[in-house]
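K.L.:
Residue numbers (my numbering): 1 to 513.
Keep in mind that the hints are not guaranteed to be accurate.
Unchecked claim - Cut-off 20 Å, straight-line C-alpha distance, at most; resulting in silico cross-link-like pairs (EDC-like, lysine to aspartate or glutamate):
1. Lys165 to Asp183
2. Lys424 to Glu479
3. Lys480 to Glu507
4. Lys454 to Asp444
5. Lys489 to Asp442
6. Lys180 to Asp146
7. Lys151 to Glu134
8. Lys161 to Glu134
9. Lys501 to Glu479
10. Lys189 to Glu228
11. Lys329 to Glu376
12. Lys127 to Asp146
13. Lys165 to Glu200
14. Lys329 to Glu308
15. Lys189 to Asp218
16. Lys235 to Asp202
17. Lys381 to Asp363
18. Lys233 to Glu223
19. Lys195 to Glu160
20. Lys489 to Glu479
21. Lys154 to Asp202
22. Lys336 to Asp305
23. Lys168 to Glu133
These are computed hints drawn from the structure, not numbers from a lab.
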Amino acid sequence: MDVIRAILSRPMTLANPSLQPSKCHRSVTFPWKNLNSCETRRLFTCGQEHRQRRLYTQAAHLKSAEGRSEHRFMNETLDQIEEDVKHTHNSRVWNSRKKKAKAVLLHRPELDRKFLEVTGWKFKQPKRRPQTEEDYNRCIAFTVNDGRVNKAIKYLREMEKSGIKPRKYAYTMIINGFTKHSDMDRAKKWLRRMKLNGIEPDVYTYSSMIDGYMRTADVTRSEAIFREMMENKIKPDLTTYNIMMHHAVRQLDMETAVSFWERLRDAGLDPDVYTYAIMIHGLGQESQVDEAWRMYDIMQRKGIDVNEVVATTLMGIHVNYHDNNHVIKLFHRFFKNVSGKSRLMPSAHTRNILLNAVLGSADLVTTEKYYNQYLESLKTKETTPLYSGANVYTYTTFMRAFLRRNALPMVSQVYQDMIRQSVKPTVVTYSIIMLSHAFVPDPDTCSRILEQMKRSGIELNAVLYTIVMRAWGKAGRFEKVKEVYEEMKAAGIQPTQQTMKVIQRAETHGSHP
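All chains should be modelled from the sequences, with the hints used to inform the complete structure.
P.N.:
As C-alpha coordinates, this is what we get:
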(Lines of atoms letter the chains of each structure in order from A and count residues from 1; the text may use other names and numbers.)
(Lines give C-alpha, C1' and ligand atoms only; values in the text may rest on other atoms or scores of the structure.)
Protein backbone atom coordinates (compact mmCIF):
# COMPACT_ATOMS: atom_id res chain seq x y z
CA MET A 1 0.00 0.00 0.00
CA ASP A 2 2.86 2.40 0.83
CA VAL A 3 4.38 1.72 -2.59
CA ILE A 4 1.11 2.58 -4.31
CA ARG A 5 0.73 5.76 -2.27
CA ALA A 6 4.29 6.77 -3.14
CA ILE A 7 3.63 6.28 -6.85
CA LEU A 8 0.40 8.24 -6.68
CA SER A 9 2.06 11.03 -4.72
CA ARG A 10 4.86 11.54 -7.26
CA PRO A 11 4.45 14.83 -9.15
CA MET A 12 3.82 14.62 -12.88
CA THR A 13 4.73 17.14 -15.60
CA LEU A 14 2.95 17.33 -18.92
CA ALA A 15 5.69 16.97 -21.51
CA ASN A 16 3.45 17.87 -24.42
CA PRO A 17 2.26 21.50 -24.17
CA SER A 18 -0.80 20.72 -26.28
CA LEU A 19 -2.15 18.27 -23.70
CA GLN A 20 -4.87 19.50 -21.36
CA PRO A 21 -5.13 18.34 -17.73
CA SER A 22 -7.29 15.26 -17.42
CA LYS A 23 -10.24 14.95 -15.09
CA CYS A 24 -8.27 12.98 -12.52
CA HIS A 25 -5.36 15.46 -12.30
CA ARG A 26 -6.19 18.32 -9.97
CA SER A 27 -4.31 21.25 -8.50
CA VAL A 28 -3.08 21.03 -4.93
CA THR A 29 -4.31 24.46 -3.89
CA PHE A 30 -7.77 23.44 -2.68
CA PRO A 31 -9.44 20.34 -1.27
CA TRP A 32 -11.08 18.00 -3.78
CA LYS A 33 -14.61 19.18 -3.04
CA ASN A 34 -13.79 22.78 -4.00
CA LEU A 35 -11.90 22.08 -7.20
CA ASN A 36 -14.78 23.17 -9.42
CA SER A 37 -15.19 26.54 -7.74
CA CYS A 38 -15.02 29.72 -9.80
CA GLU A 39 -12.00 31.12 -7.94
CA THR A 40 -9.97 27.96 -8.51
CA ARG A 41 -10.59 28.07 -12.24
CA ARG A 42 -9.61 31.76 -12.34
CA LEU A 43 -6.46 31.17 -10.31
CA PHE A 44 -5.04 28.47 -12.55
CA THR A 45 -6.23 29.61 -15.99
CA CYS A 46 -3.25 31.77 -16.86
CA GLY A 47 -2.88 31.31 -20.61
CA GLN A 48 -1.30 28.80 -22.96
CA GLU A 49 2.21 29.19 -21.52
CA HIS A 50 1.25 27.64 -18.16
CA ARG A 51 0.07 24.31 -19.47
CA GLN A 52 3.34 22.68 -18.41
CA ARG A 53 2.82 23.22 -14.69
CA ARG A 54 3.09 20.37 -12.18
CA LEU A 55 -0.10 18.50 -11.47
CA TYR A 56 -1.00 16.15 -8.62
CA THR A 57 -3.75 13.67 -7.96
CA GLN A 58 -6.06 13.85 -4.97
CA ALA A 59 -3.87 11.34 -3.20
CA ALA A 60 -0.84 13.55 -3.80
CA HIS A 61 -2.56 16.45 -2.12
CA LEU A 62 -3.56 14.43 0.91
CA LYS A 63 -0.08 12.96 1.28
CA SER A 64 1.89 16.18 0.83
CA ALA A 65 -0.38 18.07 3.19
CA GLU A 66 0.54 15.75 6.06
CA GLY A 67 2.89 17.16 8.73
CA ARG A 68 2.22 20.82 8.03
CA SER A 69 -0.74 23.10 8.09
CA GLU A 70 -2.91 23.45 5.03
CA HIS A 71 -2.60 27.22 5.30
CA ARG A 72 1.19 27.14 4.98
CA PHE A 73 1.05 24.64 2.13
CA MET A 74 -1.37 26.87 0.18
CA ASN A 75 0.83 29.93 0.75
CA GLU A 76 3.87 28.15 -0.66
CA THR A 77 1.90 27.09 -3.70
CA LEU A 78 0.68 30.64 -4.19
CA ASP A 79 4.24 32.01 -3.97
CA GLN A 80 5.35 29.58 -6.66
CA ILE A 81 2.50 30.62 -8.96
CA GLU A 82 3.30 34.31 -8.40
CA GLU A 83 6.90 33.70 -9.45
CA ASP A 84 5.81 31.78 -12.54
CA VAL A 85 3.39 34.53 -13.53
CA LYS A 86 6.00 37.28 -13.02
CA HIS A 87 8.62 35.34 -14.97
CA THR A 88 6.23 34.69 -17.84
CA HIS A 89 5.08 38.29 -17.85
CA ASN A 90 8.65 39.58 -18.13
CA SER A 91 9.93 37.04 -20.65
CA ARG A 92 6.97 36.81 -23.02
CA VAL A 93 7.60 38.11 -26.53
CA TRP A 94 4.36 39.24 -28.06
CA ASN A 95 3.62 38.78 -31.72
CA SER A 96 2.90 42.13 -33.32
CA ARG A 97 -0.28 40.77 -34.86
CA LYS A 98 -1.74 39.70 -31.53
CA LYS A 99 -3.39 41.97 -29.03
CA LYS A 100 -1.56 42.24 -25.72
CA ALA A 101 -3.42 40.51 -22.89
CA LYS A 102 -4.32 42.51 -19.83
CA ALA A 103 -3.32 41.52 -16.32
CA VAL A 104 -6.15 40.77 -13.92
CA LEU A 105 -5.93 41.18 -10.15
CA LEU A 106 -7.52 38.34 -8.20
CA HIS A 107 -8.52 38.99 -4.60
CA ARG A 108 -7.43 36.17 -2.22
CA PRO A 109 -8.18 37.21 1.40
CA GLU A 110 -8.37 33.62 2.69
CA LEU A 111 -4.69 33.10 1.79
CA ASP A 112 -3.46 36.26 3.55
CA ARG A 113 -2.83 37.83 0.15
CA LYS A 114 -4.50 40.94 -1.07
CA PHE A 115 -4.24 40.40 -4.81
CA LEU A 116 -2.73 38.02 -7.32
CA GLU A 117 -1.85 39.32 -10.78
CA VAL A 118 -2.75 36.83 -13.53
CA THR A 119 -1.82 37.60 -17.13
CA GLY A 120 -3.74 36.31 -20.13
CA TRP A 121 -7.12 35.81 -18.42
CA LYS A 122 -10.18 37.57 -19.76
CA PHE A 123 -13.21 37.72 -17.51
CA LYS A 124 -16.71 37.40 -18.93
CA GLN A 125 -18.37 40.78 -18.95
CA PRO A 126 -21.76 40.99 -17.26
CA LYS A 127 -24.69 41.13 -19.64
CA ARG A 128 -25.80 44.68 -20.30
CA ARG A 129 -29.31 45.26 -19.07
CA PRO A 130 -31.79 47.41 -21.01
CA GLN A 131 -31.60 51.08 -20.07
CA THR A 132 -33.86 52.97 -22.47
CA GLU A 133 -37.28 52.43 -23.98
CA GLU A 134 -35.63 51.48 -27.26
CA ASP A 135 -33.56 48.80 -25.49
CA TYR A 136 -36.63 47.31 -23.84
CA ASN A 137 -38.62 47.36 -27.09
CA ARG A 138 -35.78 45.56 -28.85
CA CYS A 139 -35.67 42.88 -26.15
CA ILE A 140 -39.46 42.46 -26.22
CA ALA A 141 -39.49 42.10 -30.01
CA PHE A 142 -36.64 39.56 -29.96
CA THR A 143 -38.21 37.36 -27.28
CA VAL A 144 -41.65 37.47 -28.93
CA ASN A 145 -40.18 36.44 -32.29
CA ASP A 146 -38.36 33.65 -30.46
CA GLY A 147 -41.67 32.40 -29.04
CA ARG A 148 -40.90 33.43 -25.41
CA VAL A 149 -43.86 35.67 -24.70
CA ASN A 150 -43.59 35.29 -20.91
CA LYS A 151 -40.02 36.59 -21.07
CA ALA A 152 -41.29 39.57 -23.08
CA ILE A 153 -43.86 40.26 -20.35
CA LYS A 154 -41.03 40.18 -17.79
CA TYR A 155 -39.19 42.86 -19.78
CA LEU A 156 -42.32 45.00 -19.90
CA ARG A 157 -42.75 44.78 -16.12
CA GLU A 158 -39.08 45.65 -15.58
CA MET A 159 -39.66 48.57 -17.90
CA GLU A 160 -42.53 49.79 -15.71
CA LYS A 161 -40.51 49.35 -12.48
CA SER A 162 -37.64 51.38 -13.90
CA GLY A 163 -39.98 54.31 -14.49
CA ILE A 164 -40.28 53.92 -18.27
CA LYS A 165 -43.88 53.85 -19.41
CA PRO A 166 -44.51 51.21 -22.11
CA ARG A 167 -46.10 52.56 -25.21
CA LYS A 168 -48.09 51.17 -28.10
CA TYR A 169 -45.27 49.17 -29.67
CA ALA A 170 -44.49 47.09 -26.55
CA TYR A 171 -48.13 46.14 -25.97
CA THR A 172 -48.71 45.34 -29.63
CA MET A 173 -45.71 42.99 -29.74
CA ILE A 174 -46.95 41.05 -26.70
CA ILE A 175 -50.47 40.82 -28.14
CA ASN A 176 -48.97 39.63 -31.43
CA GLY A 177 -47.04 36.93 -29.58
CA PHE A 178 -50.23 35.51 -28.08
CA THR A 179 -52.19 35.70 -31.34
CA LYS A 180 -49.48 33.72 -33.16
CA HIS A 181 -50.07 30.90 -30.67
CA SER A 182 -53.88 31.31 -30.96
CA ASP A 183 -54.05 32.21 -27.26
CA MET A 184 -56.84 34.72 -27.74
CA ASP A 185 -57.90 34.85 -24.07
CA ARG A 186 -54.54 36.29 -23.00
CA ALA A 187 -54.34 38.46 -26.12
CA LYS A 188 -57.72 39.96 -25.26
CA LYS A 189 -56.59 40.47 -21.66
CA TRP A 190 -53.54 42.46 -22.77
CA LEU A 191 -55.61 44.48 -25.22
CA ARG A 192 -57.88 45.42 -22.31
CA ARG A 193 -54.87 46.30 -20.15
CA MET A 194 -53.50 48.44 -22.96
CA LYS A 195 -56.72 50.43 -23.12
CA LEU A 196 -56.91 50.82 -19.31
CA ASN A 197 -53.43 52.37 -19.36
CA GLY A 198 -54.71 55.02 -21.75
CA ILE A 199 -53.06 53.61 -24.88
CA GLU A 200 -55.32 53.33 -27.92
CA PRO A 201 -54.72 50.39 -30.29
CA ASP A 202 -53.62 51.15 -33.83
CA VAL A 203 -54.06 49.30 -37.11
CA TYR A 204 -51.23 46.87 -36.27
CA THR A 205 -52.79 45.94 -32.93
CA TYR A 206 -56.18 45.31 -34.49
CA SER A 207 -54.62 43.37 -37.37
CA SER A 208 -52.88 41.08 -34.86
CA MET A 209 -56.19 40.42 -33.10
CA ILE A 210 -57.90 39.67 -36.42
CA ASP A 211 -55.06 37.32 -37.34
CA GLY A 212 -55.47 35.43 -34.06
CA TYR A 213 -59.22 35.00 -34.39
CA MET A 214 -58.89 33.89 -38.01
CA ARG A 215 -56.31 31.29 -36.95
CA THR A 216 -58.97 29.77 -34.69
CA ALA A 217 -61.57 29.99 -37.51
CA ASP A 218 -63.61 32.46 -35.44
CA VAL A 219 -64.84 34.64 -38.30
CA THR A 220 -67.56 36.22 -36.14
CA ARG A 221 -65.12 37.71 -33.62
CA SER A 222 -62.69 38.77 -36.31
CA GLU A 223 -65.56 40.63 -37.96
CA ALA A 224 -66.37 42.22 -34.58
CA ILE A 225 -62.76 43.42 -34.23
CA PHE A 226 -62.93 44.76 -37.77
CA ARG A 227 -66.12 46.72 -36.94
CA GLU A 228 -64.57 48.09 -33.74
CA MET A 229 -61.61 49.19 -35.79
CA MET A 230 -63.85 51.07 -38.21
CA GLU A 231 -65.91 52.63 -35.38
CA ASN A 232 -62.71 54.00 -33.85
CA LYS A 233 -61.95 55.57 -37.26
CA ILE A 234 -58.87 53.44 -37.76
CA LYS A 235 -58.57 52.65 -41.44
CA PRO A 236 -57.54 49.05 -42.22
CA ASP A 237 -54.45 48.77 -44.36
CA LEU A 238 -53.58 46.24 -47.03
CA THR A 239 -51.98 43.91 -44.48
CA THR A 240 -55.27 43.69 -42.57
CA TYR A 241 -57.16 42.61 -45.67
CA ASN A 242 -54.44 40.18 -46.71
CA ILE A 243 -54.60 38.52 -43.29
CA MET A 244 -58.37 38.04 -43.49
CA MET A 245 -58.23 36.76 -47.06
CA HIS A 246 -55.34 34.41 -46.32
CA HIS A 247 -57.11 32.68 -43.43
CA ALA A 248 -60.40 32.51 -45.34
CA VAL A 249 -58.64 30.71 -48.20
CA ARG A 250 -56.90 28.34 -45.77
CA GLN A 251 -60.28 27.41 -44.33
CA LEU A 252 -61.65 26.79 -47.84
CA ASP A 253 -64.05 29.70 -47.45
CA MET A 254 -63.61 31.33 -50.82
CA GLU A 255 -66.87 33.27 -50.48
CA THR A 256 -65.50 35.17 -47.46
CA ALA A 257 -62.20 35.76 -49.27
CA VAL A 258 -64.04 37.30 -52.25
CA SER A 259 -66.03 39.53 -49.90
CA PHE A 260 -62.80 40.83 -48.33
CA TRP A 261 -61.43 41.38 -51.83
CA GLU A 262 -64.43 43.56 -52.66
CA ARG A 263 -64.05 45.51 -49.40
CA LEU A 264 -60.41 46.10 -50.21
CA ARG A 265 -61.30 47.55 -53.59
CA ASP A 266 -64.12 49.66 -52.12
CA ALA A 267 -61.68 51.11 -49.57
CA GLY A 268 -59.55 52.43 -52.43
CA LEU A 269 -56.62 50.13 -51.72
CA ASP A 270 -54.61 48.58 -54.53
CA PRO A 271 -53.89 44.84 -54.15
CA ASP A 272 -50.24 43.88 -54.03
CA VAL A 273 -48.55 40.73 -55.30
CA TYR A 274 -49.39 38.81 -52.11
CA THR A 275 -53.07 39.71 -52.42
CA TYR A 276 -53.11 38.29 -55.93
CA ALA A 277 -51.21 35.19 -54.79
CA ILE A 278 -53.85 34.55 -52.11
CA MET A 279 -56.70 34.88 -54.59
CA ILE A 280 -54.96 32.71 -57.21
CA HIS A 281 -54.36 30.02 -54.61
CA GLY A 282 -57.99 30.13 -53.45
CA LEU A 283 -59.36 29.92 -56.99
CA GLY A 284 -57.09 26.97 -57.67
CA GLN A 285 -58.43 25.17 -54.60
CA GLU A 286 -61.96 25.76 -55.90
CA SER A 287 -61.00 24.10 -59.21
CA GLN A 288 -61.38 27.44 -61.01
CA VAL A 289 -58.12 27.20 -62.92
CA ASP A 290 -59.23 29.54 -65.72
CA GLU A 291 -60.29 32.18 -63.16
CA ALA A 292 -56.92 31.85 -61.46
CA TRP A 293 -55.13 32.61 -64.73
CA ARG A 294 -57.48 35.55 -65.37
CA MET A 295 -56.47 36.94 -61.99
CA TYR A 296 -52.84 36.51 -63.06
CA ASP A 297 -53.54 38.44 -66.29
CA ILE A 298 -55.13 41.29 -64.28
CA MET A 299 -52.02 41.44 -62.10
CA GLN A 300 -49.83 41.63 -65.20
CA ARG A 301 -51.91 44.47 -66.68
CA LYS A 302 -51.57 46.37 -63.39
CA GLY A 303 -47.81 46.25 -63.84
CA ILE A 304 -47.21 44.11 -60.72
CA ASP A 305 -44.12 41.95 -61.07
CA VAL A 306 -44.45 38.24 -60.52
CA ASN A 307 -42.59 36.85 -57.52
CA GLU A 308 -41.76 33.28 -56.55
CA VAL A 309 -44.95 33.02 -54.46
CA VAL A 310 -47.25 33.61 -57.45
CA ALA A 311 -45.17 31.39 -59.73
CA THR A 312 -45.09 28.56 -57.19
CA THR A 313 -48.84 28.92 -56.59
CA LEU A 314 -49.58 28.51 -60.30
CA MET A 315 -47.31 25.46 -60.46
CA GLY A 316 -49.08 24.00 -57.42
CA ILE A 317 -52.49 24.36 -59.06
CA HIS A 318 -51.42 22.28 -62.05
CA VAL A 319 -49.59 19.65 -60.02
CA ASN A 320 -52.84 19.04 -58.10
CA TYR A 321 -54.48 18.18 -61.42
CA HIS A 322 -51.54 15.92 -62.40
CA ASP A 323 -50.63 18.21 -65.29
CA ASN A 324 -46.99 17.43 -64.65
CA ASN A 325 -45.56 18.41 -68.03
CA HIS A 326 -47.14 21.86 -67.76
CA VAL A 327 -45.66 22.26 -64.27
CA ILE A 328 -42.17 21.67 -65.67
CA LYS A 329 -42.84 24.21 -68.45
CA LEU A 330 -43.98 26.79 -65.88
CA PHE A 331 -40.79 26.23 -63.88
CA HIS A 332 -38.67 27.00 -66.95
CA ARG A 333 -40.89 29.98 -67.77
CA PHE A 334 -40.67 31.67 -64.37
CA PHE A 335 -37.36 30.50 -62.98
CA LYS A 336 -35.15 30.30 -66.08
CA ASN A 337 -34.70 32.53 -69.10
CA VAL A 338 -33.32 31.83 -72.55
CA SER A 339 -29.69 32.26 -71.51
CA GLY A 340 -30.13 29.81 -68.65
CA LYS A 341 -29.77 32.36 -65.86
CA SER A 342 -32.34 32.30 -63.09
CA ARG A 343 -35.04 34.95 -63.20
CA LEU A 344 -36.61 34.07 -59.86
CA MET A 345 -34.99 32.19 -57.01
CA PRO A 346 -36.92 28.95 -56.36
CA SER A 347 -37.87 28.30 -52.76
CA ALA A 348 -37.94 24.93 -51.01
CA HIS A 349 -41.67 24.78 -51.75
CA THR A 350 -41.01 25.46 -55.45
CA ARG A 351 -38.50 22.61 -55.64
CA ASN A 352 -40.92 20.33 -53.83
CA ILE A 353 -43.70 21.03 -56.36
CA LEU A 354 -41.29 20.44 -59.25
CA LEU A 355 -40.17 17.17 -57.64
CA ASN A 356 -43.82 16.11 -57.30
CA ALA A 357 -44.30 16.74 -61.01
CA VAL A 358 -41.15 14.80 -61.96
CA LEU A 359 -42.05 11.82 -59.76
CA GLY A 360 -45.71 11.88 -60.79
CA SER A 361 -45.19 9.72 -63.88
CA ALA A 362 -42.02 7.90 -62.76
CA ASP A 363 -41.98 4.17 -62.08
CA LEU A 364 -40.43 2.56 -59.01
CA VAL A 365 -36.97 2.16 -60.55
CA THR A 366 -36.90 5.79 -61.67
CA THR A 367 -38.12 6.96 -58.26
CA GLU A 368 -35.30 5.04 -56.56
CA LYS A 369 -32.86 6.62 -59.01
CA TYR A 370 -34.03 10.12 -58.08
CA TYR A 371 -33.84 9.29 -54.38
CA ASN A 372 -30.24 8.09 -54.75
CA GLN A 373 -29.46 11.37 -56.53
CA TYR A 374 -30.95 13.22 -53.58
CA LEU A 375 -28.82 11.28 -51.10
CA GLU A 376 -25.74 12.05 -53.19
CA SER A 377 -26.61 15.76 -53.23
CA LEU A 378 -26.76 15.69 -49.43
CA LYS A 379 -23.22 14.30 -49.29
CA THR A 380 -21.83 16.85 -51.75
CA LYS A 381 -24.05 19.67 -50.40
CA GLU A 382 -24.97 20.58 -53.95
CA THR A 383 -28.08 22.65 -54.73
CA THR A 384 -30.03 21.62 -57.83
CA PRO A 385 -33.42 22.63 -59.28
CA LEU A 386 -34.91 19.60 -57.47
CA TYR A 387 -32.92 19.47 -54.23
CA SER A 388 -31.73 22.05 -51.71
CA GLY A 389 -30.40 20.16 -48.73
CA ALA A 390 -32.14 18.05 -46.12
CA ASN A 391 -35.68 19.28 -45.55
CA VAL A 392 -38.93 17.66 -44.55
CA TYR A 393 -40.73 18.55 -47.80
CA THR A 394 -38.34 16.57 -50.01
CA TYR A 395 -38.33 13.54 -47.72
CA THR A 396 -42.12 13.59 -47.48
CA THR A 397 -42.46 13.82 -51.27
CA PHE A 398 -40.30 10.72 -51.73
CA MET A 399 -42.28 8.88 -49.04
CA ARG A 400 -45.52 9.71 -50.86
CA ALA A 401 -44.03 8.60 -54.21
CA PHE A 402 -42.92 5.23 -52.82
CA LEU A 403 -46.28 4.77 -51.11
CA ARG A 404 -48.12 5.23 -54.42
CA ARG A 405 -46.03 2.41 -55.87
CA ASN A 406 -46.68 0.13 -52.86
CA ALA A 407 -42.98 0.17 -51.92
CA LEU A 408 -43.73 0.16 -48.20
CA PRO A 409 -40.17 -0.80 -47.09
CA MET A 410 -38.83 2.24 -48.96
CA VAL A 411 -41.34 4.48 -47.16
CA SER A 412 -39.89 3.29 -43.86
CA GLN A 413 -36.33 3.67 -45.19
CA VAL A 414 -36.88 7.29 -46.26
CA TYR A 415 -38.40 8.08 -42.87
CA GLN A 416 -35.39 6.60 -41.07
CA ASP A 417 -33.01 8.58 -43.31
CA MET A 418 -34.92 11.74 -42.45
CA ILE A 419 -34.66 11.09 -38.71
CA ARG A 420 -30.90 10.46 -39.03
CA GLN A 421 -30.58 13.90 -40.63
CA SER A 422 -32.37 15.39 -37.56
CA VAL A 423 -35.25 16.60 -39.73
CA LYS A 424 -38.48 17.02 -37.78
CA PRO A 425 -41.53 15.30 -39.35
CA THR A 426 -44.70 17.27 -40.10
CA VAL A 427 -48.33 16.21 -39.86
CA VAL A 428 -48.21 15.25 -43.54
CA THR A 429 -45.19 13.02 -42.87
CA TYR A 430 -47.02 11.22 -40.07
CA SER A 431 -50.11 10.81 -42.25
CA ILE A 432 -48.04 9.06 -44.95
CA ILE A 433 -46.52 6.73 -42.35
CA MET A 434 -50.01 5.93 -41.11
CA LEU A 435 -51.26 5.34 -44.67
CA SER A 436 -48.47 2.84 -45.29
CA HIS A 437 -49.64 0.87 -42.24
CA ALA A 438 -53.29 1.25 -43.22
CA PHE A 439 -52.63 -0.50 -46.55
CA VAL A 440 -51.23 -3.61 -44.79
CA PRO A 441 -53.65 -3.29 -42.84
CA ASP A 442 -52.10 -2.60 -39.45
CA PRO A 443 -54.69 -0.52 -37.55
CA ASP A 444 -53.00 -1.02 -34.17
CA THR A 445 -49.85 0.78 -35.37
CA CYS A 446 -51.96 3.56 -36.91
CA SER A 447 -53.73 4.03 -33.58
CA ARG A 448 -50.42 4.11 -31.68
CA ILE A 449 -49.03 6.77 -34.03
CA LEU A 450 -52.18 8.85 -33.54
CA GLU A 451 -51.91 8.57 -29.75
CA GLN A 452 -48.22 9.47 -29.85
CA MET A 453 -48.99 12.57 -31.90
CA LYS A 454 -51.69 13.52 -29.41
CA ARG A 455 -49.29 13.15 -26.46
CA SER A 456 -46.67 15.20 -28.31
CA GLY A 457 -49.09 18.12 -28.60
CA ILE A 458 -49.44 17.90 -32.39
CA GLU A 459 -52.72 19.33 -33.61
CA LEU A 460 -54.76 16.47 -35.07
CA ASN A 461 -57.12 16.85 -38.03
CA ALA A 462 -59.85 14.91 -39.80
CA VAL A 463 -57.41 13.37 -42.29
CA LEU A 464 -55.46 11.56 -39.55
CA TYR A 465 -58.61 10.19 -37.91
CA THR A 466 -59.94 9.10 -41.31
CA ILE A 467 -56.75 7.13 -42.01
CA VAL A 468 -57.14 5.23 -38.73
CA MET A 469 -60.81 4.59 -39.52
CA ARG A 470 -59.88 3.23 -42.96
CA ALA A 471 -57.29 0.92 -41.38
CA TRP A 472 -59.86 -0.54 -38.98
CA GLY A 473 -62.40 -0.85 -41.80
CA LYS A 474 -59.93 -2.69 -44.04
CA ALA A 475 -59.20 -5.06 -41.13
CA GLY A 476 -62.93 -5.77 -40.79
CA ARG A 477 -63.22 -4.15 -37.34
CA PHE A 478 -66.17 -1.87 -38.12
CA GLU A 479 -67.03 -1.31 -34.47
CA LYS A 480 -63.60 0.31 -34.05
CA VAL A 481 -64.35 2.57 -37.02
CA LYS A 482 -67.36 3.99 -35.20
CA GLU A 483 -65.36 4.25 -31.99
CA VAL A 484 -62.66 6.37 -33.67
CA TYR A 485 -65.37 8.50 -35.30
CA GLU A 486 -66.94 9.24 -31.91
CA GLU A 487 -63.51 10.11 -30.53
CA MET A 488 -62.99 12.54 -33.42
CA LYS A 489 -66.34 14.23 -32.78
CA ALA A 490 -65.55 14.50 -29.05
CA ALA A 491 -62.33 16.33 -29.99
CA GLY A 492 -64.39 18.91 -31.89
CA ILE A 493 -63.01 17.95 -35.32
CA GLN A 494 -65.45 18.20 -38.20
CA PRO A 495 -65.57 15.17 -40.54
CA THR A 496 -64.70 15.51 -44.21
CA GLN A 497 -66.37 13.95 -47.21
CA GLN A 498 -63.89 11.07 -47.13
CA THR A 499 -64.65 10.51 -43.45
CA MET A 500 -68.37 10.16 -44.14
CA LYS A 501 -67.68 7.65 -46.93
CA VAL A 502 -65.71 5.47 -44.50
CA ILE A 503 -68.53 5.71 -41.95
CA GLN A 504 -71.18 4.77 -44.52
CA ARG A 505 -69.12 1.77 -45.59
CA ALA A 506 -68.72 0.69 -41.97
CA GLU A 507 -72.46 1.02 -41.31
CA THR A 508 -73.26 -1.00 -44.44
CA HIS A 509 -70.93 -3.85 -43.48
CA GLY A 510 -71.99 -3.65 -39.84
CA SER A 511 -75.67 -4.10 -40.65
CA HIS A 512 -74.96 -6.94 -43.13
CA PRO A 513 -72.27 -9.17 -41.68
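K.L.:
Hint by hint, say whether it matches the structure.
P.N.:
Evaluated hints:
1. At most 20 Å may separate the alpha-carbon atoms for a hinted pair to count; lysine 165 and aspartate 183 exceed this at roughly 25 Å.
2. Restraint check for lysine 424 and glutamate 479: the C-alpha separation of about 34 Å exceeds 20 Å, so the hint is violated.
3. In summary, the hint linking lysine 480 to glutamate 507 is supported, as the alpha carbons are separated by about 11 Å, within the 20 Å threshold.
4. With a CA separation close to 15 Å, the supplied pair lysine 454 and aspartate 444 stays within the 20 Å bound.
5. In summary, the hint linking lysine 489 to aspartate 442 is not supported, as the alpha carbons are separated by about 23 Å, beyond the 20 Å threshold.
6. Between lysine 180 and aspartate 146 the alpha-carbon distance is near 11 Å, which keeps this suggested pair within the 20 Å criterion.
7. Taking the CA atoms of lysine 151 and glutamate 134, the gap is about 17 Å. The hint holds against a cut of 20 Å.
8. For a cut-off of 20 Å, the pair hint linking lysine 161 to glutamate 134 stands: about 16 Å separates their Cα positions.
9. Taking the CA atoms of lysine 501 and glutamate 479, the gap is near 15 Å; set against the 20 Å cutoff, the hint holds.
10. Restraint check for lysine 189 and glutamate 228: satisfied, since their Cα atoms lie roughly 16 Å apart, inside the 20 Å limit.
11. For the hint linking lysine 329 to glutamate 376, the alpha-carbon distance of about 26 Å lies beyond 20 Å, and the restraint is violated.
12. With a C-alpha separation of about 19 Å, the suggested pair lysine 127 and aspartate 146 falls inside the 20 Å cut-off, and the hint holds.
13. The suggested pairing of lysine 165 with glutamate 200 holds, with an alpha-carbon distance near 14 Å, which does not exceed 20 Å.
14. Between lysine 329 and glutamate 308, the direct Cα distance comes to roughly 15 Å. Compliance with the 20 Å bound is thereby established for this hinted pair.
15. Annotation: proposed proximity of lysine 189 to aspartate 218 holds, straight-line Cα distance about 17 Å (limit 20 Å).
16. The straight-line distance between the Cα atoms of lysine 235 and aspartate 202 is roughly 9 Å, inside the 20 Å bound, and the hint therefore holds.
17. Taken as a hint, the lysine 381 and aspartate 363 pair is broken in the structure, with Cα atoms around 26 Å apart against an allowance of 20 Å.
18. A hinted pair counts as satisfied when its Cα atoms are at most 20 Å apart, and lysine 233 with glutamate 223 qualifies at roughly 15 Å.
19. Under the criterion of a C-alpha separation no larger than 20 Å, the hint pairing lysine 195 with glutamate 160 is consistent with the structure, at around 16 Å.
20. Among the hinted pairs, lysine 489 with glutamate 479 is consistent with the structure: their alpha-carbon atoms are about 16 Å apart, no more than 20 Å.
21. For the given pair, lysine 154 sits about 23 Å from aspartate 202 by alpha-carbon distance, which is inconsistent with the 20 Å threshold.
22. Among the hinted pairs, lysine 336 with aspartate 305 is consistent with the structure: their alpha-carbon atoms are about 16 Å apart, no more than 20 Å.
23. Taken as a hint, the lysine 168 and glutamate 133 pair is honoured in the structure, with Cα atoms around 12 Å apart against an allowance of 20 Å.
Taken one by one, the earlier hints fail for this structure at numbers 1, 2, 5, 11, 17, 21, listed in ascending order.
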